[in-house]
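Top line first, the protein sequences correspond to chains U and Y.
Its first residue numbered 1, the first sequence is counted upward by one per residue in this note's numbering.
Its first residue numbered 1, the second sequence is counted upward by one per residue in this note's numbering.
In short, the hints are calculated from the structure, not lab data.
There could be a bad hint or two in this list.
When chains are identical, the list treats them as one kind, so a pair holds in a single copy or across two.
No farther apart than 25 Å at their CA atoms in a straight line, the calculated lysine-lysine pairs in the DSS-like style are these [said to hold, decoys possible]:
| hint | residue 1 | residue 2 |
| --- | --- | --- |
| 1 | 562 | 444 |
| 2 | 120 | 292 |
| 3 | 166 | 562 |
| 4 | 103 | 364 |
| 5 | 292 | 105 |
| 6 | 452 | 80 |
| 7 | 444 | 120 |
| 8 | 166 | 292 |
| 9 | 101 | 323 |
2 protein chains.
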Amino acid sequence: MGGPSGGGSFLHSSPKKPKSRRLVRYTYRLLASLGLFVLMSGGLVVAFFVYDASTYEENPESFDIPVSEYALTPRRGGPKNLPIAEYFVDDDDTPSMKEQKHKPKLVILGTGWGSVAMLKQLHAGEYHVTVVSPSNHFLFTPMLPSATVGTLEFRSLVEPVRKIVKQKHGHFLKATAVDVDFSEKLVEISSTGPTGEEERFYLPYDKLVVGVGSTTNPHGVKGLEYCHFLKDIADARLIRNQIIRNLETACLPTTSDEQRRRLLSFVISGGGPTGVEFAAELYDMLNEDLCKYYPRILRNEISVHVIQSRGHILNTYDEALSKYAEERFAHDEVGILTNARVKEVRPESILFTQKDEQGNTVTKELPQGFCLWSTGVSQCEFSQTIAAKLGDNQQNKHALETDSHLRLAGAPMGDVYAIGDCSTVQNNVSAHIVTFLRTLAWEKGQDPESMKITFADWQQVAKRVKSRFPQAADHLRRLDRLFEQYDQDKSGTLDFAELSELLRQIDTKLTSLPATAQRANQQGEYLAKKFNKLAHSTEGFQKNLIADGDIDEAVYKAFEYKHMGSLAYVGNAAIFDFNGMNFAGGLLAVYLWRSIYFAQSVSLRTRCLLAMDWSKRALFGRDMMNY
Amino acid sequence: MGGPSGGGSFLHSSPKKPKSRRLVRYTYRLLASLGLFVLMSGGLVVAFFVYDASTYEENPESFDIPVSEYALTPRRGGPKNLPIAEYFVDDDDTPSMKEQKHKPKLVILGTGWGSVAMLKQLHAGEYHVTVVSPSNHFLFTPMLPSATVGTLEFRSLVEPVRKIVKQKHGHFLKATAVDVDFSEKLVEISSTGPTGEEERFYLPYDKLVVGVGSTTNPHGVKGLEYCHFLKDIADARLIRNQIIRNLETACLPTTSDEQRRRLLSFVISGGGPTGVEFAAELYDMLNEDLCKYYPRILRNEISVHVIQSRGHILNTYDEALSKYAEERFAHDEVGILTNARVKEVRPESILFTQKDEQGNTVTKELPQGFCLWSTGVSQCEFSQTIAAKLGDNQQNKHALETDSHLRLAGAPMGDVYAIGDCSTVQNNVSAHIVTFLRTLAWEKGQDPESMKITFADWQQVAKRVKSRFPQAADHLRRLDRLFEQYDQDKSGTLDFAELSELLRQIDTKLTSLPATAQRANQQGEYLAKKFNKLAHSTEGFQKNLIADGDIDEAVYKAFEYKHMGSLAYVGNAAIFDFNGMNFAGGLLAVYLWRSIYFAQSVSLRTRCLLAMDWSKRALFGRDMMNY
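Just chain U, same shape as in the assembly:
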């Protein structure tokens, strides 16, 4: 660098500056700048290598590790006399882990959006945290469709849960919860033992968070064994392999024309975001990468169909957006079959019914070489087991019911919480009418059921309703109008029956929260914030056991879901629905779509990997291999 820049200053100091000199000077400067750029880039590379060299551990650490005897040989107990895992082998591993050894035990079931959001927000050291899940990674589900066709690497979508747990000095067990004993506060856990057989043990808890997610909804359709699902990385890998296998088989000289068309007929059952994004990604791959390497005849014989039971795909989105998506797919030659219900999946075809123009239901058959089943979610076995235990408190067949503080309805108050897809927040405002009126009645010394409620009283009641059911706030904006409307005898006051009717009407307007990553994420964060507060407001939860007040309500507000918007990728285009602000577009929208997920991605690691993957796709295309 010294050379050129020294030359530059020599030129500057010369008194005369003819034009040619100036040109030389600028050339020098340009070269110097370029050299500088190369040097700086080179410097960064060298710095990286120095850092890389520092990451290799030279000497193995080896010393005595203190391990509690109780951790090695747990005592047995509980209703089934199983081992009770009170202590773990890593309880004394670090000073900070030692510190929380005797803190209240917080057990989190699952490692999905809700559980991980909670873990990330939780203050380390307040609880003895144990995470139990059959999968040791967190999966960034919204981008899973991209991984099925090789646009993204599997690894870029997952984050090791142990990494997140370790930050909170917690413990992780790769196992599955099968039951809960609410009275003894024990979760029954099933794991695969060292020799491959099932083993069961109890995990004691002070606070239990259920975030076990959901399973695929079969909708009573026969032949789902011929379908693929898209819930986890393993599914994505199976899909990727099947697609490539079909393409390869289609190239064989022994494959007949008819079979080739069948192998290349891709059917997606379900027009929700997962189905639509998968169709878009699949189409992209077939369009962009297939032609490069496979015989051209394949491109002509490929068909992609989406079977949707409603009138439009993406029916939870704004209508303009779902229309945009449909137009996009029409342009891309992806067939959309709306108002169609799958009857049966067969090894080589799919049967479905659809209304014709006269309104008659007609059964149709579509040959299929690949079928994806993505038609909503259903309750998993564990949720069913504990719901059954809680009897009448759990009426919902599809999810575990919680109150607006996310406490599992029917379980001892403040012990068990449920978040994410496995749960739903009760909207039974009217069922709590007596609770709302209790203070008011006590102040006035009256019986709640015979009270006359003035407008001022109503304002107080409405305030309480809003604080307990934040989701109802939208429907409690014009208190005066509501008061007038439901004061049917125009007495200037509401009686118990009138108020009940008012609240019942609000109930019907409240819809259950969507089973999305967004909701689970918000619930997890909500619970973490509350638990952080709870840890400080009570000493070791002992008050929780003796006080009969609602400590959750005292400490923190009720959960309120804030819809941040929806987005979807629809094949070199993307659509956005931000609370009524709609936006749909081509490549720029795709970059925006990526940016949003990039920002929401779980760690710096996954962000780097995503960026690398997108670059890889641009430079080298998707990989058409199966292994």
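Got chain U sorted already, so can you dock chain Y onto it with the hints?
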């Protein structure tokens, strides 16, 4: 940019230059340079995005593709009356593919080092190329051990074969060769049909190249079903999952101390490069990444053992290097059990015999939670089938024998070639003694067997031997000494018996070529160069059918293996053996080891991916997840 640099030139033109001004000037320059760096980097990013945007296909191509009727409905024939795939659906896809439709049919079996090296060197358009393999990717095998523990991504080690085949306007069939009919020139192919059942068809060839590789050698040991192998990506994935599963199970509270130690006992049977590199990578992972996320007690209970039947690990390397590797492993607490033979693998342990100090053979047992079997290679079924067909011409039980032109011994000359691990080059110099003497005898009008060979004659014979058996050249350096030595009656001439004995002695000194990627690669390149020449020297191979001369020999020299050296990674250190030049060392050697493989890597794509992977490992460590 305008601002600071404009300010800079204003400062320059001012007549006085006090020190403070100079400081300001340099600060300005520094800032300007930094700004420039950011701008240039930004420019590169923008340029990348513009490029990225151009890679999205907007409009699907859709037009009529001409496909030959013969390709859609192949005629039947051959000894088993199977369909004969003479034409393919993509024969007319592009003008260049159309051009070679009627060129001589070159069929390549396998997509390993040999086949891919050949494909890459082959001139496009000379042959109608068809590649048949059960796997549609080429695997960069030397780095496979790194992929087992997540240092590298699976995808970075593989290259889609269709991409390479496409460059040569060839065809690819994902299928397996099962038999060859040498007289009708048909390869019998087995494939998985559209409904999952096996289908068979014939593939006609003019030239057939067998590069089907080898399988694992069981050495007659019982219980290999409890072992892992390391031949393909699928194996690497199974290994990665098993390691993580063992670690997770070791953390469960129900796992006893004894079982935990067993689960964490990793045994590698075979001290060759694969076994050693796997042990090194495994140790690295356990040492560098395990402690970060798993209970510390695991680190203390882990053991890694390498069982080697010879006296040293890496016994094909220079002794100093294998000693260095052994010391390295001793430092890393990896147990090396030499002179040990595995007797049986059991679900939870491995039995082996080892000589004790008194020379007695003792049977020992080692608990195992993971066992890798990497003890050499064996002939695969297809090779066995065709070797059996060729009868006495194929005596070797371990590989297909070829002459030094790589032509399969016993098959019609110039029709079938064999390369890579499935093959071995015959070293039967003495068997060809009559061939060497034929011209000489013809010139002198004598019977070869009663000829007297003078030193001048011997020089001529030696030249012929060297050209036919390049591997023998090393042993034919001092012709005068050899002549003297074998001229036992000191007659000044050699008779037939004396010359036979001389050549027989040379035979015993020749060792068979190593079954390595290096040899396969050289053989593939050799064959491609020869085939390129053959295509030009004869018109459509017709001469090959009528001339009875040795066209291979006329056109191109015999295959000569040039050993370029061996290298191995031994745990944050690497060893190199370049034809006697030995080198072993720590991190710098590791970077050198990487550079060599980086350079040898199959494409720009894999090179970029490798670089990304190494950066990922440095930044984020290995991923400890299984899915």
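Right, here's what the structure says about each hint:
1. In the homo-oligomer, the alpha carbons of residue 562 and residue 444 never lie at most 25 Å apart, since the shortest distance is 37 Å inside one protomer and 103 Å across protomers.
2. Within a single copy, residue 120 and residue 292 get their C-alpha atoms only as close as 44 Å, which misses the 25 Å cut-off; across copies the closest is 18 Å, which meets it.
3. In the homo-oligomer, the alpha carbons of residue 166 and residue 562 never lie at most 25 Å apart, since the shortest distance is 30 Å inside one protomer and 52 Å across protomers.
4. Taking the closest pair of Cα atoms, residue 103 and residue 364 never come within 25 Å of each other, the shortest separation being 61 Å inside a single copy and 47 Å across copies.
5. Taking identical chains as interchangeable, the C-alpha atoms of residue 292 and residue 105 lie at most 25 Å apart only when they sit on different chains, with a minimum of 23 Å there against 56 Å within one chain.
6. For the identical chains of this complex, residue 452 and residue 80 are neighbours neither inside a copy (54 Å) nor across copies (97 Å), given an alpha-carbon limit of 25 Å.
7. In this homomeric assembly, residue 444 and residue 120 never come within 25 Å of each other (Cα to Cα): the closest approach is 46 Å inside a single copy and 93 Å across copies.
8. Proximity of residue 166 to residue 292 under the C-alpha cut-off of 25 Å is restricted to the inter-copy arrangement: shortest distance 8 Å between copies versus 45 Å within a copy.
9. Taking CA atoms no more than 25 Å apart as the test, residue 101 paired with residue 323 passes in neither setting, with 56 Å inside one copy and 47 Å between copies.
In this structure, the hints that do not hold are numbers 1, 3, 4, 6, 7, 9, in rising order.
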